[in-house]
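Protein chains: 2
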Amino acid sequence: MLKHKYVLDPWSIIENQYDSSNMIDSESIFSLGNGKIGQRGNFEEDFSNNQTIGNYISGIYYRDKTKVGWWKKGYPEYFAKMVNCPNWNKIRISINNTLLDLNKCEVLSYNRELNMKEGWCERKVLLKNDKSEKIEIQSKKFISIKRENLGVINYKIKVFENNVKVEVLPCIDVNIRNNDSNWNEPFLETIESLSKNNLGIVKSNIINSNFEISTFFKTEYLINNKKINSSYSQSESKHLIGCKSKFLLNTDDELTIFKVGGYVNSNDSNKNEFNNIIEKESENALKTGFNELCKENIDEWSKVWEHSDVIIEGDIKSQQAIRFNIFHLNQTFNGNDPKLNIGPKGFTGEKYGGVTYWDTEAFCVPFYLGTKHSSVAKNLLNQRYNQLDNAIKNAKNIGLNHGAALYPMVTVNGEECHNEWEITFEEIHRNAAIAQAIKKYINFTNDHNFLDDEGIKILIAISRFWKERVNYSKVLNKYVILGVTGPNEYENNVDNNWYTNYSAKWCLDYTINQLSEIGNRNVKKHESIIKENNLNNKEISNWKKIIKNIHLPYSKDLNIFIQNDGFLNKDLQPANKIPHNQRPINQNWSWDRILRSPYIKQADVLQGFYFFEDHFTKKELQSNFDFYEQFTVHESSLSACVHSVLASSINDIEKAYEYFVRASRLDLDDYNKEIKQGLHITSMGGSWMSIVEG
Amino acid sequence: MLKHKYVLDPWSIIENQYDSSNMIDSESIFSLGNGKIGQRGNFEEDFSNNQTIGNYISGIYYRDKTKVGWWKKGYPEYFAKMVNCPNWNKIRISINNTLLDLNKCEVLSYNRELNMKEGWCERKVLLKNDKSEKIEIQSKKFISIKRENLGVINYKIKVFENNVKVEVLPCIDVNIRNNDSNWNEPFLETIESLSKNNLGIVKSNIINSNFEISTFFKTEYLINNKKINSSYSQSESKHLIGCKSKFLLNTDDELTIFKVGGYVNSNDSNKNEFNNIIEKESENALKTGFNELCKENIDEWSKVWEHSDVIIEGDIKSQQAIRFNIFHLNQTFNGNDPKLNIGPKGFTGEKYGGVTYWDTEAFCVPFYLGTKHSSVAKNLLNQRYNQLDNAIKNAKNIGLNHGAALYPMVTVNGEECHNEWEITFEEIHRNAAIAQAIKKYINFTNDHNFLDDEGIKILIAISRFWKERVNYSKVLNKYVILGVTGPNEYENNVDNNWYTNYSAKWCLDYTINQLSEIGNRNVKKHESIIKENNLNNKEISNWKKIIKNIHLPYSKDLNIFIQNDGFLNKDLQPANKIPHNQRPINQNWSWDRILRSPYIKQADVLQGFYFFEDHFTKKELQSNFDFYEQFTVHESSLSACVHSVLASSINDIEKAYEYFVRASRLDLDDYNKEIKQGLHITSMGGSWMSIVEG
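As you go down the protein sequences, you meet chains A and B in turn.
Following the numbering used here, the numbering of the first sequence begins with 13 at its first residue and continues without gaps.
Following the numbering used here, the numbering of the second sequence begins with 13 at its first residue and continues without gaps.
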C-alpha cells in the first residue's frame, strides 16, 4: 500500500513533515499560478539544500539552439523554452546576524497548506537556529487571478526573546538560470535594475528575441500588525536587487513583510509603459492590503469552482486528487488570453520547455470545454488555425507537398521544436488529435462559423497530409503508412500502427462528412470552400479510396487489432513478469531492450478505442483491452486515464477506479519518482476525463 | 563524363591548377602518414583561405563527452577522438617584411605531386607577392616509414632580385583545435614549451587522460645548397614556438630550410625520455641529410609495393586509382604496432574520430592478409580478442547476459563510443563481420593456435550474443531478430533484416563447425575449451535449433530475399527516378523521407551475397542483384566495391568495371562532394577487394 506523503483532505494539500533534502518534490506540488504567471513552491528565505527556484511567464520563451549528437536533415533550429525569470519572491532574512536558512536550523514544527478552494499557500515553521534562538515564521501567499501580473506574500517573523536584531532584504534574485538549457547559456540578460527603499525593478531582455520583461516588487512592514516606517540601505549582494531594513524585536513581537510583486511583459504591455504599470499596480495592491487582496482572490477561485468542481463523496483520496488536478489546470491556463496554451508541466517545472504538445487537444480541450466558456476551447483551436501555414511548411520540410499540413510535435508559434527523428518526423498521429478536438468542439457547441471559416481548412490540410503520407503496397493491395511512432513511444519507426492508420482513415472520413454537412447547410459556403481550397472530386475520391482500403492490422486468432506490423512476433510476456526492481523500465533498461520488448508506454490501440469508442462493440473493446492492458507499463502520464475510461466502459468498476486513482494521484503520490521535475499538468485533463467520461 | 581534378598518371597524383578557395579538398588527397603519425596536405607557410590543419598520432585520443539531444539509457559516456596535435610543419616566412601567403599572391605557376611509388609530396610554386616580387618556393616532404616519429621537409625559397630580406620562422603552431569537438573544448594543453635556436619542443597533455606527447622540430639552413650558420631570435607570436632567422638574398639565391620534426608519445615511450629521444632522432636525421633520408624512405616504399602493387595495364585511370588506395591504406596502418587499428579517414580528417568501426574486419583485413605478413591481420584480430571482456560488458549494458558479447560500433579500447540508438544498439551485424574476419584469417593461414586460444572464444561469445538476441515468434513459428539496423543505414529499427539473420545463422554454424574441427584435431584442447567456456550440449543444441529455424524473409514471387520485414510494402520506384538535383538524398531529403523510401545506402542483402557467395547459386545472386541494385544509391563508400565484386560474379564485366572505378576513384573524383572532410580510407580496402576478388 502506497503511503500518502501529504495529509488527505478534501480541499487542501497539507505537508506536516519537514525533510530538508526532499523539499524539491514539494516545490512542484505547492506551485502557484494564475494562467499568466506562475512559480514553484520555493521558500522565500535562503535555503541551502536541493531546490529549483522557478518563476515563469506564459508565452515568454527563449529559442534554445538545438543540441543533437548527429544532425538529421529536417531538424528544427531551436527548442522554445519558457524562461525562468528573476525571482521576485526572495526575502533574505538574518536574525542576530545569522542568515535564516531552514537547512541549517532545527525545525521544531512544520506545516504547509495549499488551500485549493481559496487558492493560497501558507507555511508555518517553528525553528531554532544554530544559536538556539527560537523563531516562528509564517508565510501566506497567492498569485492573483484578477491582477494577472501580481503575486502577494505576507511573511511574518515572530521572536521569543528580547533585543533580537532582525535584518530583512526583500529583493529580486537575478541569479537564476534555466536548468534545462542545451548549451548552459543564459536565456535572459538584465537591461537595467533599480532598487529604492521599498521598491525593486529589474528589466530584462530575453536573449535573441524581442521579448522584454520587468520583474518587480514593493513592500510594506508591520510590527504587531501596525504599519511602520523603516530606513533602507542598499543590498550588498550584486544579484539581490533590493534594500535592507533592520528591526529590533522583543519577546512575542511579530514583524510582517507584506510583499507584492510579479512581472510585466512585452507580449501584453508596451515596454515603455512597464514602469508606470508597475508603479500603479504595486501601489494599488499595497493600498488594498493583504486581507482584501486575499479575499478578492478567494472570490475568483469560488467562481472557478462553481463551474468545475467535481464532488466525490465518501472517498477523500479521490476527492482531494481530482480537485488537485482541476486546481492546477486552472492555475496553468484559464483561457483568458488567446495567445497562450498549456505546457505539459505548467509553471511547475522546466521539462518539455513549457510549450504545446498534442496533449492540449487530446487531453485538455475536453476539460476546458466542460468547465469554461466555449471561447476557451475555441481560442485553443484558433491558435492551431493561425499556425496552419507553419504546419504546411513543416510538412514540406519533410517532403510532403500539395497543401499537406503536419502540426508540430512541440511548438510555441507553429514552428517545430522537437529534435528526435522518431518523434518529430514520425509521431504523426498528433495531426488526428487536432481533428478530434475540432470534432469535440463542434459537437459541443454546434459552432458552424468556426467550422466553416477555420475548422474545415485545418481538416482539409490534415486530410491532404494523410493522402501524401500513405503509399500503396502492391504486396498487400492496401494503403499503408510506413515509418511511424504511435502513442506508444516504446515502439519507434514501425509500419502500420493501427491507431495512426485508423485515425488517418477517420480524419479523411470526418473531413468529407463535414464538407457535405456544410453543403447541406449552406451551398454557397460549400462552394467557396471548395474553390478557396482548390478541392476537386478527384481529390475527394482519392481520399475515399484510402478510407476504403487502408491497412488495419488485425488478428483473427486473437480477435484484436494489432498495434503495428510485427507486434505479435515479440516475446509476449506480460508486464507483471518484469521484476519489481526493474520498474519503471525506462529508468532501468537500455532503449534497445525497451524497443524489442512488447511493453507499451501508454494506451495505443486503446487510445483509438478511447477516441472511437462508438465505432466498436463492447466485445471488441473487451478483447483489445484484455490483450493490451497486460503489456502496458503506464510510464506516460497519459495512460492511466484512458484505461480508466475504458475499464468503466466494460463495467470493470474496480479497475476503472484503480486507474482513476493512479491517474489523479500520479503526482500527489509520485508514482514515477519524478515530481521534482514538475507536475504532469496536461495529463490532469485526462484524470478529469476519466471521472467525467468514465 | 566526370572531369578528373588531378592529372592521370600511373604512379602520381598531380595537381597543376591552383584554386585558392579549394585547397582544403586537396589537403585530404595529399595527406601523408607512416601508420604511426600522419598529416593532411597543408601548406607549410601561412595560408589565409579555407584550410584544415591536421596532424595526428595513431592511438592518441581524447574522450569527448557524449553530446545528445535526448539521452537514452545505455549511451556511452564519451566518443574517442584522435587528437589534432600541434603542427610541427609550420614555417612562417616573410619576404621584405610581407608575410608569405599564397592566398594573397598572384600564383604564376603551381604544381604539386604526390609520388606514391616513392612516398613523397612535392610542391613548386612561382608567385608574385603584393609588391610584385617574384619568388619561387619548392617544398618536398615525406613521413618516414623507418623513423616512425619523424617527418621531413625540404623547403626552398628562390628570389629573382637583389637584396631580398627573407625572414624565416620554422616553428610549432600550438593554436590548433579539433574541428569535430562536441563541446568546443580543447583536447590537449601545453605543459611546457621550449624554443632555442634551431630547436623547438612542445610537451602536451591530452586532457583527462594519461596521454602525453611532445611535438618537436629541428632545422638547418642552406643557401645555394651550402649549410650556413644563422642567428636566432625568439618568435613574437605566442602560439608559434620557434626562433626566427633573417637572410639577405640576391638574384637566383636559393634558401633551403631543412626541417625535421614530428611527435613522440607516451604510448610508445617513457615520458621522461621524450627529450632524449627527440635530441637523438632529430640530430641523427639532420646528420643523415635530406637526400639520404628520402632515399631510405623510397627503399621502404619499394618493399611495400613489392608485396602490394596491383598492375592494371592500359587503363591509367584505374591504375592510378588502385595505387592511390593501396598507398593510403599503407600510410594509415602498417601492422607494425599491435595496439593500433584503422580509422575510417586515417590521418586525412577528423570525421568519425579516427577510431575503429566494422570496416576493419569487413573491408580491411582481406587487404592486409593479401599484402602483408599474416601477423598484421592477427594483430587486428587479437585486438578484438583483448577487448572481449568489454564486448561482454557492452552486451550486458543493453540487457543481454550469459556470456553474450556485442562488439562496439565504434571503439578505441573496446568501450562503445557511438551514441545513436539506431546504430549503437541496433547495428548488431558488426558482430558477424568479426567472425567473418576470423574465418578469412584461419582459411588463409591455417593458424590453429589462434583459433584454439583466441578465435574460438570470440566465436563462442558472439554465438551466445545471437542466442540471447533472437526470440521465438509464435505467429511465425520461427526465430526472429527484432529491432535492428542492417548495413543499409537508410532503414532503422527493422525486424528480420535478412543480412543480419543470415549472418547470425552463419556465426552459430561456423562456431559449431570450428568446435568440431578442433575436436577432430585435438581432443584435449576441445575438452579444455568446452570446460573453460562452460559450454554444454544443451547450449549447442539451442544454437542448432536457431540455425534450423531462423526466419529468412523471402519472396517467392520475386525470387529474392527480402531486405527486412515490410520492405516490399514500400513505394518501389527505382533510384533513377530521383531527380538529379535531389542526389545525394542524404544531403537533400529529410531523414523521415529517406526512411520511408525504398532507397538503399549501401549493399545490404548484397553484402550477404558478398560474404556468403558460395552459399547461393549464380541465379539467386543474379535475381537479388537485379532487384536491389535499382534501389541502391551508394551513399556509403562501402557500397560500390561490393557491387563491383558481385557484378563480376555474374559476368557483368562492364558494370563490375564501372563500380570498381567508382569505388577506387571515390575520393580522387570526389563523387559525394565531401573529400574536404578527409578520404575514405577503410573503403579503399573494398576497392582492393573488388580488383582482387572481382
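Treat the hints as calculated values from the structure; they're not laboratory data.
Certain hints may be false.
Which copy is meant is left open, because identical chains are indistinguishable; a pair holds if it fits in one copy or across any two.
What the hints assert, rightly or not - Derived DSSO-like pairs: lysine-lysine, alpha-carbon spacing no greater than 30 Å straight-line:
#  : residue 1 : residue 2
1  : Lys589    : Lys557
2  : Lys329    : Lys405
3  : Lys486    : Lys630
4  : Lys79     : Lys405
5  : Lys589    : Lys85
6  : Lys537    : Lys170
7  : Lys363    : Lys85
8  : Lys79     : Lys688
9  : Lys85     : Lys688
10 : Lys479    : Lys589
11 : Lys140    : Lys557
12 : Lys143    : Lys568
13 : Lys589    : Lys490
14 : Lys589    : Lys550
15 : Lys408    : Lys79
16 : Lys84     : Lys688
17 : Lys250    : Lys688
Nothing here was measured: the structure is a model prediction, and the numbers come from that model.
Hints broken by the structure, by number, lowest first?
Numbers 2, 6, 11 and 12, in rising order.
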